[in-house]
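Enquirer: The residues making up each chain are set out below.
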Amino acid sequence: MKLFTKIIRTGVVTEPLPDRAASAITLAREIDRRAQSLFGRALAIRQVDAGSCNGCELEIAGLPGPVYDMERFGLHFVASPRHADMLLVTGPVTRNMAVPLRKTYEATPDPKLVVAVGDCARTCGVFAGSYAVVGPVDRIVPVDAYIDGCPPEPAEILQGILAALGRIEGGRRG
Amino acid sequence: MTVIVLAVTQCLFLMIAAPALVGYVRWLKARLQGRRGAGMFQPYRDLRKTLAKGMVIADTASWIFHMAPCVVVASTVAAAALVPVISANQAGDQLGDLFALMALLILGTIFLALGGLDPGTAFGGMGSSREMTVAALTEPTLAIAILSLALTAGSTSLGTITNTLLTTPSNAIGPGHALAFAAFLIAMLAETGRLPVDNPATHLELTMIHEAMILEYSGPYLALLEWAAALKLTLLLTLAANLFVPWGMATSDGAGALAVGLAAVLAKIAVLATLLAVLETRVAKLRLFRVPELLAMSFTLALLAATSSFFTR
Amino acid sequence: MDATFSRLTMTGASAMLLLALVVMWRHHVPAYVTAFRMQSVALAFVGAVVAWLGDVPELFLVAALILGLKGWIVPRILAGMEARRPGERELHPLVNTEMSLLISGGLAVAAYEISRPLAAVVSLPTRGGLPIALALILVSLFIVVSRRRVIAQIVGFLMLENGIALLALLGAYGVPLVVELGVFLDVLLGVLVMQALVPGIEEISAG
Amino acid sequence: MSETALAIALAAFAAGSVSAMAWPSGPGARRVSLASAFVGCVAALALGIDVLQSGISWTWRSGALLQPLGGVSLRVDPLAAFFVSIVGLTGAPASIYALGYLRELDGGVRGRAVHALFNVFLAGMCLVPLADNVATFLFAWEVMALSSYLLVVSDPKQEGAPAAGLWYLVMTHAGFLALLAGFVILAQDGPLEFPAMRAAAGALTPAAQGIVVLLMLAAFGSKAGLVPVHVWLPRAHPAAPSHVSALMSAAMVKLGVYGTIRVLFDLMPPLSPWWGGALLACGVVTALTGVLYSVAEVHLKRVLAYSTVENIGLIFVGPGFALLMRGYGNVVLAAMGLVVALFHTLNHAVFKSLLFLAAGAVVHGARTSSLEAMGGLIKRMPHTAVLCLVGVLALAAVPPLNGFTSEWLTFQLLVAGARYTAPALAIMLPLALAAVALVAGLAAVSAVRLFGIAFLALPRTDGARDAHEAPATMRAAMLLPALACLILGLVPTLALTQLTAVVTELGLPMGQLDTGLALVLPLVGSQLWPVAIAALLAGAGLVAAAVSRTSRGYPVRIDTAWNCGRIAQSPRSEYTAAAFAEPLKRVFTGFYQPTHEVTVDVHPVSPYFVRGITLRSDFAPWMEQTLYVPLVRAARWISNQTGRLHTGSIHLYLALLPAALLALLLIARWIR
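Residue numbers (the working numbering), protein chains in the order written: chain A, 1 to 174; chain D, 175 to 487; chain S, 488 to 694; chain Z, 695 to 1366.
Next comes chain A alone, as it looks inside the complex:
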């Protein structure tokens, strides 16, 4: 009973997205309109940690929470790439994760998007040149959008996903 009184007292804590143009987002390539309309308000995301320092995971973990509440946009995480429409890849691709990343991409039914989260995913960040690192994500799988930042804020990640879906403006064409 205590629980529910607390719930009532707290109320909804979800924050609206900041409307400032999302500077951190780069759209790598044109995403076909059909897929965008299909994913308009329903998108299943599979998160793949290709070898990150888990900084990005910490931020991503904020997405389903009450404050950022990705579900209000019809986004949700799924347990299998078979169910997924978008791969949310973090970190520089390490040697051990190269094949699994590739397999995950192949295991995802068409159409599918790939969003690379964090600087490491785009440039390998401080790990660049390490013997354990194969390279940035686009070395392994085609990337549709990058979200810069080390790590990017949850709001930026949300904006990035939505920009990739063409639901909000913004993001440099790269």
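Treat the hints as calculated values from the structure; they're not laboratory data.
Computed from a prediction, not measured in an experiment: that's the story for all the values here.
Cβ coordinates follow ideal geometry from the N, Cα and C atoms, glycine included.
Just so you know, not all the hints are guaranteed correct.
[What the hints assert, rightly or not] Pairs of lysine-lysine residues, derived as DSS-like cross-links and limited to a Cα-Cα distance of at most 30 Å, are as follows:
no. : chain 1 : residue 1 : chain 2 : residue 2
1   : A       : 103       : D       : 203
2   : D       : 203       : A       : 6
3   : D       : 459       : Z       : 1279
4   : Z       : 1073      : A       : 103
5   : A       : 2         : D       : 203
6   : D       : 203       : D       : 459
7   : Z       : 1073      : Z       : 851
[To be verified] Covered by chain Z, according to a simulated footprint, are these stretches of chain A (three or more residues, beta-carbon under 8 Å):
no. : segment
8   : 77-91
9   : 107-115
Guided by the hints, dock chains D, S and Z onto chain A, whose structure is given.
Expert: The following block gives chains D, S and Z in isolation, referenced to the frame of chain A:
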């Protein structure tokens, strides 16, 4: 003729309303978690998207993998055809009774389990094993709950049970009815893989029961399975509402009566769904090996219900 | 009239039985105490119903006493006992949970079978609840023998006492007020003594 | 008409066995003898159906045959006809099956023996229900038992066959003795003809009645596989050749049911209802035991054998219920009880023969009988897989197959019984209902496990990897029972109307059953319309399939199974049969009493480098140990004691004669 039309409409109503019910439960849970949540029509969008997507089929899969979703849908729809929704005098009784409904649900479960085993992945087999175990252990509870209903109503046919309760409401007061209701609800939670038996929103394979079997499905097949699961939840909730709290159901084919019946059933389902959401916010998932304790509890309740209705007959 | 009477009493009685089953199912001691509190409230409810529909006015007093003593004071004492050694659960009762639940189901069925002749001779509208009261007595005895934690055993004992009170209420519209008061004092005394003894017993049973 | 059918059947069986013995063993002999077996079975089926339809029963007696034992007398009545037709119905496919199945036996002595014995076995099973006096009955019973025993031990390569044969032989002969004693007491030194015994049975004292019932239940129960005298069944069935195990499980075991019904409902006077309660309880316990073992067993044919035990338990619920209801004076429910029992007998005969034949094909094709060594067979043996799936679904009792219909009837039976009887049954019937429901659920688990582990996923061994499809004759033979499963499931009234006639003959009128497609029973408020349900299922399934084809706007790709990004998928990561049953093993620990032994193989360098871990999990056969080990010990002790008599002194031996004579005279005097 009108009876047939009515039956078809009722079945269609369940089939169409199912995703909305799931959406409502998800939305309410979101609100209880302090989130804004997606609207109650989100599942329709998800279904539309999943239906339109392509598929990836495992190279190890056989025709069972393709057959399973269709059989699951078919058995659930057939079960839905037996359920009285708006009107108490319904054509479904011609087809079969509560035991037939149980068997149809088991048919669906069996093919779901076979579909999970077919690609030969570890998680699929794990899910199948657990799902079948839970289903098997739920059977006795359902059977005894049905018996206690049949003892007062004099038949296991759904229409008769609802009609008897409508004509003699005093049957509903007293322990037998309430206990059977409680037992049925617990069994229903286990059957539909809700908390505390299974977490419908889990991403951790090792804790999965239902999800683990459909990890391998994608595109239209996945959509069919998700929709069948929603339909199963809806039909069991409707069953619980109309078997134990039938008031408001139409007993004549008059338009007014039917309208009232529709309103009543919507209200009852809404109440039950709210209870479900609140419960799922309140309780945590049980360890798999404490699930039998829960089922033993519900079985004891059902047994008490049966015995007490024996003696208050 | 009589129909509602019997059904109301039976509902109350079976609620009490269910709350006894909760002790089988839960492992937390606080849950036991809550179960006992609610069970006593249900008992008070039954007493009030009997007092009202069976017009035995002094039973209202009894119901009030039950509410006050078993519904409030005793649970508080129990909670206090638990508060001294919090967090200890009834993890491994002598009979595991499934078995306990099934056995209590069997006990209830047996109680029905045993009490049929009894229910046959009693002509009161409340006779329908007699088997449940008997079942409650059997089940709480089973709690006493099958649980390890002393507090669980005390709760079982108190529930047994509730069951006897229920049996008296349903079978004979309650025993004379004096006896009732005596019983209450006994219960209170017993609980207080237990409160004094429990820590020692727990030490022994733990060591 | 039916006389000639019987003559043809027996002649065919005789011809079959003779030809097999006389002809030089080879394809010719195989074809001829199995063809005549087939003819015999068809004739038996014709006989059964004719009598069931016409309801004309006739008797035939000859003092000359079997003269010393009191002559042969046969009587065909609907009950007998029903069981004869079951023998025919399951024997026919088995004979076709053997054509392909026993090919490798050509040119060996074993081939001859197996074919000949197969015919003898069939003849014996046809004669048992027809027997109308003790001599004929026991003769046919013994023929059946011995031929089946020889068939069980016929395969020397089969591991454990001799032990299984020993168990079987001991049990069946203990049963034989019990049978003999029971009949003798029942006849009360009147003539050992069934009509005479029927007339005289009313004069039995209750004590004598009790003894007879116990003896008969022990005898027929041990043939049928009632717990605790079921122990031979899971041993003997796997050892026998598959077409024989199919017959044993589908027909021979059912003759135990026949004997029980014949004695308890025909020969004996009405018994006290408590016998019914006992029988019901026994049936429920048997069903639970059988299904629990069939869920946990990994040997394919033993899984099926245990599920036979389970179904026998379900069948015996019927007679028990009938006795109970007749005792409480509710004749219609009693009749329903028997009808349901007979109907499930038929259904189980059909789908279990199908499953055993399929199991034979699998063992034949994959060269292994352990589920753990199979997998992926659905790709290698597609037709067998489809047929086996039909049997498995019938076993799991799901619509629209016949297993479901009889399960539904059993549920209705128990509910109606609970509704229409005194609260004295308040304890028994709900518990029985719960147990039957649990059995149904566990049977579904066992069915999924059987099919899923054996046919789906990746092959676990080379044997399974290069398994081959069964020859056409075997597949054709499996097709027949599969079709029967479907027909009996869709149109149950087809058989049920005949069965009402059978039980009416036994003095339990049930009233006319309407022959429509929908199943409506007296005293049961609800009805079942299997055809409509099947149509609904088919329709909805097709629509779903169409939707999944048309809705998608993107291509279908074939890819490796998703195993969390692992490089390669190996059968070693698949769920095994044992793992599949693990949750249930945990839930029912008290029943299985599982034993675990873990051995860790560590590297010599350091205990921290583990080479391999092997887990060996098994469960204790406590039933055998607690029940049979003491018996064996006692028997050995007695034989040792009697061994002492052999002192070698001629006078002692001579003295034994008059002593025995004196003892006999005294006993005879005392019995008078």
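Enquirer: Would you mind marking each hint as holding or not holding in the structure?
Expert: Okay, the hints, checked on the actual structure:
Only pairs whose Cα atoms come within 30 Å are accepted, and residue 103 (chain A) paired with residue 203 (chain D) is rejected, the gap being roughly 34 Å. Restraint check for residue 203 (chain D) and residue 6 (chain A): satisfied, since their Cα atoms lie roughly 15 Å apart, inside the 30 Å limit. Of the pairs offered as hints, the one joining residue 459 (chain D) and residue 1279 (chain Z) holds, with about 22 Å between alpha carbons and a cut-off of 30 Å not exceeded. Between residue 1073 (chain Z) and residue 103 (chain A), the direct Cα distance comes to roughly 25 Å. Compliance with the 30 Å bound is thereby established for this hinted pair.
Taking the CA atoms of residue 2 (chain A) and residue 203 (chain D), the gap is near 17 Å; set against the 30 Å cutoff, the hint holds. Our distance criterion of 30 Å between C-alpha atoms is met by residue 203 (chain D) and residue 459 (chain D), whose separation comes to about 15 Å. Taken as a hint, the residue 1073 (chain Z) and residue 851 (chain Z) pair is honoured in the structure, with Cα atoms around 29 Å apart against an allowance of 30 Å. Given a C-beta distance limit of less than 8 Å, the hint that chain Z covers the segment 77-91 of chain A holds, as 3 residues qualify and 3 suffice.
Residues of the segment 107-115 of chain A with a Cβ under 8 Å from some Cβ of chain Z number 4, which satisfies the need for three, so the listed coverage holds.
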